[in-house]
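Student: Spelled out, the chains give:
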Amino acid sequence: MIANGARVRVDDRFHAGHHRVPGYLKGREGVVTACLGRFPNPEALAYFRPGGPPLALYQVRFRQADLWNGYAGGPADTLDADIYEHWLQPLEDRP
Amino acid sequence: MNDAHAAHAHPQAADDPSSDYEPLERAIRELLVEKGVFTAEAIQRRIEAMDGLTPANGARLVARAWTDPDFKARLLEDAAGVLAEEGYELEHSPTVRVVENTGRVHNVIVCTLCSCYPRMVLGLPPAWYKKKAYRARVVREPRAVLAEFGTALPADVEVRVHDSTADLRYIVLPRRPEGTEDMDEDALAALVTRDALIGAAPARAPEGR
Chain A
1 MIANGARVRV
11 DDRFHAGHHR
21 VPGYLKGREG
31 VVTACLGRFP
41 NPEALAYFRP
51 GGPPLALYQV
61 RFRQADLWNG
71 YAGGPADTLD
81 ADIYEHWLQP
91 LEDRP
Chain B
96 MNDAHAAHAH
106 PQAADDPSSD
116 YEPLERAIRE
126 LLVEKGVFTA
136 EAIQRRIEAM
146 DGLTPANGAR
156 LVARAWTDPD
166 FKARLLEDAA
176 GVLAEEGYEL
186 EHSPTVRVVE
196 NTGRVHNVIV
206 CTLCSCYPRM
216 VLGLPPAWYK
226 KKAYRARVVR
236 EPRAVLAEFG
246 TALPADVEVR
256 VHDSTADLRY
266 IVLPRRPEGT
276 EDMDEDALAA
286 LVTRDALIGA
296 APARAPEGR
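First to last, the protein sequences are chains A and B.
Residues in the first sequence are numbered from 1 upward in steps of one, following our numbering.
Residues in the second sequence are numbered from 96 upward in steps of one, following our numbering.
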């Protein structure tokens, strides 16, 4: 389990077939804000394969200024995405 | 039919009705009917059930949340549980979450991977919600997109985009407009538009105020 408040990086990897993570978040760092439950792996379900064992799904919050060069909105603007555990690498706590 | 990405991940078809997906869909549907997997009547009933779901459902929930603090607390804590109590068919649906707009945070919903939408409550999404232009732009310039909907937000309000990438669907609980203190639930519900439930626009101001 990844705890609320933990910093994570979205894996920047490629595999053939369906990726259930938006490309613009790959390699980006955010903070886990909630665990949303466990669900079958959609990357297996997409090909009618069983999706088990269920994966933990996390709500991850990103700072918009970290996602886009020259982001024109406010400094506090954020983006939340729901990301399965196999795409997330927990990061060491940093001061 | 469920709302999973795999079942409807064809945004090209939504953008261009004359695409190859249309004859493909017809061919597969006719084959499945011919093979007895389901009947044409079952499809028709399903379409009618979907057409019976409208943003008015979300508007009623919002109006009640505005007038009943306990209901609002439960809706924010466990929307799926509240919706099941209200008689919505959620068994084969993704989970639903309600996020609240406040003076500090403005939420707006998108699905960049396809066009996920809380269909089990609000019915079919608007055409613009499925367009690549909205899906690509609202994540990287949300304030510019919101401004095009007439929604100008102060710089100190946090704009929070929800990219509904997985098994949850999001509904926005908009802020209650000023000057509505004496209005009942029905009158309040009339102020809650589909765009407000997506977070693209605020709830309407009451007439004459």
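No wet-lab data here; the hints were simulated from the structure.
All C-beta atoms, glycine included, are put in the ideal place defined by N, C-alpha and C.
A hint or two may mislead.
Covered by chain B, according to a simulated footprint, are these stretches of chain A (three or more residues, beta-carbon under 8 Å) [unchecked claim]: (1) 7-14; (2) 79-91.
Here are the simulated DSSO-like cross-link-like pairs (lysine-lysine), alpha carbons at most 27 Å apart as the crow flies [stated by the list, open to error]: (3) A:Lys-26 with B:Lys-167; (4) A:Lys-26 with B:Lys-130; (5) A:Lys-26 with B:Lys-227.
Student: All hints are to be evaluated individually against the structure, with a verdict given for each.
Tutor: Verification of the hints:
1. 7-14: Violated, because only 0 residues of the segment 7-14 of chain A bring their Cβ atoms closer than 8 Å to Cβ atoms of chain B.
2. 79-91: holds (count 6)
3. A:Lys-26 with B:Lys-167: With Cα atoms ~35 Å apart, A:Lys-26 and B:Lys-167 exceed 27 Å; violated.
4. A:Lys-26 with B:Lys-130: violated (43 Å)
5. A:Lys-26 with B:Lys-227: holds (20 Å)
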